[in-house]
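K.L.:
Just need the whole structure built from these sequences, with the hints factored in.
Residue numbers (my numbering), protein chains in the order written: chain X, 1 to 315; chain E, 316 to 604.
Watch out, some of these pointers could steer you wrong.
[Claimed, not checked] In silico BS3-like pairs for lysine-lysine, Cα to Cα no more than 25 Å straight-line:
1. E/K563 with X/K300
2. X/K260 with E/K376
3. E/K352 with E/K419
4. X/K39 with E/K327
5. E/K365 with X/K260
6. E/K365 with X/K43
7. X/K260 with X/K300
8. X/K300 with E/K365
9. E/K327 with E/K419
10. X/K300 with E/K596
11. E/K354 with E/K327
12. E/K330 with E/K354
13. E/K336 with X/K260
14. E/K330 with E/K376
15. E/K336 with E/K354
16. E/K442 with E/K596
[To be verified] Here are some chain X residues the structure puts well away from chain E; computed CB gaps all over 12 Å:
17. T58
18. R83
19. P120
20. R305
[Unchecked claim] Pairwise CB distance ranges (calculated):
21. E/K327 with X/T243: 55 to 65 Å
22. E/K563 with X/A73: 30 to 40 Å
23. X/T35 with E/K442: 46 to 56 Å
24. X/V314 with E/G438: 36 to 46 Å
Note that these hints are calculated values from the structure, not bench results.
Just so you know, even glycine gets a beta-carbon here, dropped at the ideal spot from N, CA and C.
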Amino acid sequence: MADVTAGDGALRRFLHGLPGVDAVGLQARAATLGTRSIKTTAKAYAIDLAISMIDLTTLEGADTPGKVRALCAKGINPDPTDRTTPRVAAICVYGDMVATAKEALTGSGVHVAAVATAFPSGRAALPVKLADTREAVAAGADEIDMVIDRGAFLSGRYLQVFEEIRQVKEACVREDGSGTAAHLKVIFETGELQTYDNVRRASWLAMLAGADFIKTSTGKVAVNATPPVTLVLLEAVRDFHATTGVQVGVKPAGGIRTSKDAIKYLVMVNETLGDEWLSPEWFRFGASSLLNDLLMQRQKLSTGRYSGPDYVTVD
Amino acid sequence: MSDRNDRLSVLKTYKLFVGGKFPRSESGRVYEVTDAKGKWLANAPLASRKDARDAVVAARKAFGGWSGATAYNRGQILYRVAEMLEGRRDQFVHEVADAEGLSKSKATAQVDAAIDRWVWYAGWSDKTAQIAGSANPVAGPYFNLSSPEPTGVVALLAPQDSSFLGLVSVIAPAIVTGNTTVVVASERAPLPALSLGEVLATSDLPGGVVNVLSGRTAEIATPLAAHQDVNAIDLAGADEELATELEKAAADNLKRVVRPQPVDWPADPGTARLLAFLETKTVWHPMGA
Numbered sequence: 001m002a003d004v005t006a007g008d009g010a011l012r013r014f015l016h017g018l019p020g021v022d023a024v025g026l027q028a029r030a031a032t033l034g035t036r037s038i039k040t041t042a043k044a045y046a047i048d049l050a051i052s053m054i055d056l057t058t059l060e061g062a063d064t065p066g067k068v069r070a071l072c073a074k075g076i077n078p079d080p081t082d083r084t085t086p087r088v089a090a091i092c093v094y095g096d097m098v099a100t101a102k103e104a105l106t107g108s109g110v111h112v113a114a115v116a117t118a119f120p121s122g123r124a125a126l127p128v129k130l131a132d133t134r135e136a137v138a139a140g141a142d143e144i145d146m147v148i149d150r151g152a153f154l155s156g157r158y159l160q161v162f163e164e165i166r167q168v169k170e171a172c173v174r175e176d177g178s179g180t181a182a183h184l185k186v187i188f189e190t191g192e193l194q195t196y197d198n199v200r201r202a203s204w205l206a207m208l209a210g211a212d213f214i215k216t217s218t219g220k221v222a223v224n225a226t227p228p229v230t231l232v233l234l235e236a237v238r239d240f241h242a243t244t245g246v247q248v249g250v251k252p253a254g255g256i257r258t259s260k261d262a263i264k265y266l267v268m269v270n271e272t273l274g275d276e277w278l279s280p281e282w283f284r285f286g287a288s289s290l291l292n293d294l295l296m297q298r299q300k301l302s303t304g305r306y307s308g309p310d311y312v313t314v315d
Numbered sequence: 316m317s318d319r320n321d322r323l324s325v326l327k328t329y330k331l332f333v334g335g336k337f338p339r340s341e342s343g344r345v346y347e348v349t350d351a352k353g354k355w356l357a358n359a360p361l362a363s364r365k366d367a368r369d370a371v372v373a374a375r376k377a378f379g380g381w382s383g384a385t386a387y388n389r390g391q392i393l394y395r396v397a398e399m400l401e402g403r404r405d406q407f408v409h410e411v412a413d414a415e416g417l418s419k420s421k422a423t424a425q426v427d428a429a430i431d432r433w434v435w436y437a438g439w440s441d442k443t444a445q446i447a448g449s450a451n452p453v454a455g456p457y458f459n460l461s462s463p464e465p466t467g468v469v470a471l472l473a474p475q476d477s478s479f480l481g482l483v484s485v486i487a488p489a490i491v492t493g494n495t496t497v498v499v500a501s502e503r504a505p506l507p508a509l510s511l512g513e514v515l516a517t518s519d520l521p522g523g524v525v526n527v528l529s530g531r532t533a534e535i536a537t538p539l540a541a542h543q544d545v546n547a548i549d550l551a552g553a554d555e556e557l558a559t560e561l562e563k564a565a566a567d568n569l570k571r572v573v574r575p576q577p578v579d580w581p582a583d584p585g586t587a588r589l590l591a592f593l594e595t596k597t598v599w600h601p602m603g604a
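P.N.:
Right, here's the structure in full:
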């Protein structure tokens, strides 16, 4: 695949040569997959799996070290009344909170994910974005969630976007001499990409540039992750894997608030990519309020009575 | 030209009333409702435990706004409900007469009493604090004030025998103080309750303050009694055996429980139900020098 990224023209030809997305078919497929009935033991499995896939997120201007520490405590032990509850996959914070989160999560196995590259707009010069990334990695981030430059993408400067992702990927290499690197998740902000065709192109572009994960949204705009958009990402990952043998993860983010929604996404993953992807290593949910709903559902399954918001934390 | 008698009457589809909307039962089920003589009247939705769960979510969502509204505002909205009931009087007379096998004049008396009762409770909105609150004498330089606050989400099992007057007599006192409710209509005679939902929907009452479910009382009440997000339950419509079971389930999260007891619905209701679903908040405030 190296030849398609050789130059601007080649990359453009390749991306525009991708088959177009049948929007009606896509939406129908996503809707059909959302009608599966997942009950009893399968539901219990799905809920635990979904909890273990959550990137528990706080990305507010009002974040304080105290709030981040509280969130970390919740991530390690989501339901203190039931110690069999799995922990979440990662805590997702702004770059300046990485050190706080890292300290709070020491030894827990929960990763720290940091948003970087002028999140959420991505409107900054490249050196600033790279410095942002290096800083977060140096502070101990295990994963970097970067945003692409939608302005450049929409005006067709694909190679610029490609180069940016590649350089951020390089910036993810830890400078402690271990040779290891933070995992890179690339956010497309699909709500701003206008068409499913663009989403498919962005997916391929990011995977060609070396993304470890592709992610739908920042959660900061009106339209966030939807089942059809996530299905486009999943299909792109499937096709990329078939072509190159490289496995890439997927992370829908924003707007997923109920267990029912989360289970629909898991069905989609299983039907599109197979159970190889049904692990926190290859599929994540970017969410904050989803965890509480999953915990309430879990309590319902274990006690037989409906739980309420009084029995989970506020944040 | 067709004769007037050839006209096919339009049958009414009775639906649940949840969150200000009129959904069918999530389960898709209905059951046959008959009049006192066994003649078919209509199909009513047979609500499932998931409908109960959805109703509790709707009631919880509505609680902040309704309990935070001024007492004056709540009273005005309840008066408005009474105005709307007045406009639909004939329909309710008809439904009550069918459901309870009453003559038209007796049914009219029931409906009139129900509307009057609604107005009576509406008047209580800004007066409960006067009888349930107090300024307490304390040994110190403090004002010590107790005031009643609504309990929260209240599950109401409407009386089985009095399909309209009894129904109004359990709903109005619960909501006038700021609670939000999930009402399980009389199992045998749910139609007046479902029609009441239509009245409430057009009376400025915020969606979710009253949610009406119809179906098997035992099936719907069991998950409501065990529900951790329901704060109180009125067992008026439960028989002795069911009430005991529900009371046990309700003990789990310390719900307030009103036990079933024989009630003469047309008689003066007193303030018992009005004061049943209140919590007392006491504030200590330092006096000036």
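K.L.:
Take the hints in turn and mark each one as holding or not.
P.N.:
Do the hints match the structure? See the list:
1. The suggested pairing of E/K563 with X/K300 holds, with an alpha-carbon distance near 18 Å, which does not exceed 25 Å.
2. For the given pair, X/K260 sits about 19 Å from E/K376 by alpha-carbon distance, which is consistent with the 25 Å threshold.
3. In summary, the hint linking E/K352 to E/K419 is supported, as the alpha carbons are separated by about 15 Å, within the 25 Å threshold.
4. Taking the CA atoms of X/K39 and E/K327, the gap is near 35 Å; set against the 25 Å cutoff, the hint is violated.
5. Distance hint between E/K365 and X/K260 is fulfilled; the C-alpha atoms sit about 13 Å from each other, no more than 25 Å.
6. At roughly 16 Å between alpha-carbon atoms, E/K365 and X/K43 fall within 25 Å of each other, so this suggested pair holds.
7. Note on X/K260 and X/K300: the hinted pairing holds, with a Cα-Cα distance of about 14 Å set against a maximum of 25 Å.
8. Of the pairs offered as hints, the one joining X/K300 and E/K365 holds, with about 12 Å between alpha carbons and a cut-off of 25 Å not exceeded.
9. The hinted pair formed by E/K327 and E/K419 meets the criterion: a straight-line CA distance of about 21 Å does not exceed 25 Å.
10. Of the supplied pair hints, the one linking X/K300 and E/K596 is violated, its CA atoms being roughly 31 Å apart against a limit of 25 Å.
11. Taken as a hint, the E/K354 and E/K327 pair is honoured in the structure, with Cα atoms around 16 Å apart against an allowance of 25 Å.
12. With a C-alpha separation of about 20 Å, the suggested pairing of E/K330 with E/K354 holds against the 25 Å cut-off.
13. About 21 Å separates the Cα atoms of E/K336 and X/K260, which keeps this hinted pair within 25 Å; it holds.
14. For the proposed pair E/K330 and E/K376, the alpha carbon gap of about 21 Å is at most 25 Å, so the pair holds.
15. Among the hinted pairs, E/K336 with E/K354 is inconsistent with the structure: their alpha-carbon atoms are about 29 Å apart, more than 25 Å.
16. At most 25 Å may separate the alpha-carbon atoms for a hinted pair to count; E/K442 and E/K596 meet this at roughly 16 Å.
17. With a least CB separation of 23 Å from chain E, X/T58 remains clear of the 12 Å interface cut-off, as annotated.
18. For X/R83, the shortest C-beta to C-beta distance to chain E comes to about 19 Å, beyond the 12 Å cut-off, and the non-interface label holds.
19. Once the 12 Å rule is applied to beta carbons, X/P120 is consistent with being away from chain E; the minimum gap is 29 Å.
20. The non-interface label for X/R305 is inconsistent with chain E: the shortest C-beta to C-beta separation is roughly 4 Å, within 12 Å.
21. Restraint check, E/K327 to X/T243: a C-beta distance of roughly 60 Å satisfies the suggested window 55 to 65 Å.
22. About 35 Å separates the C-beta atoms of E/K563 and X/A73, a value consistent with the hinted range of 30 to 40 Å.
23. Between X/T35 and E/K442 the beta carbon distance is about 52 Å. The supplied range of 46 to 56 Å therefore holds.
24. For X/V314 and E/G438, the Cβ-Cβ distance of about 37 Å falls inside the hinted range of 36 to 46 Å, so the restraint holds.
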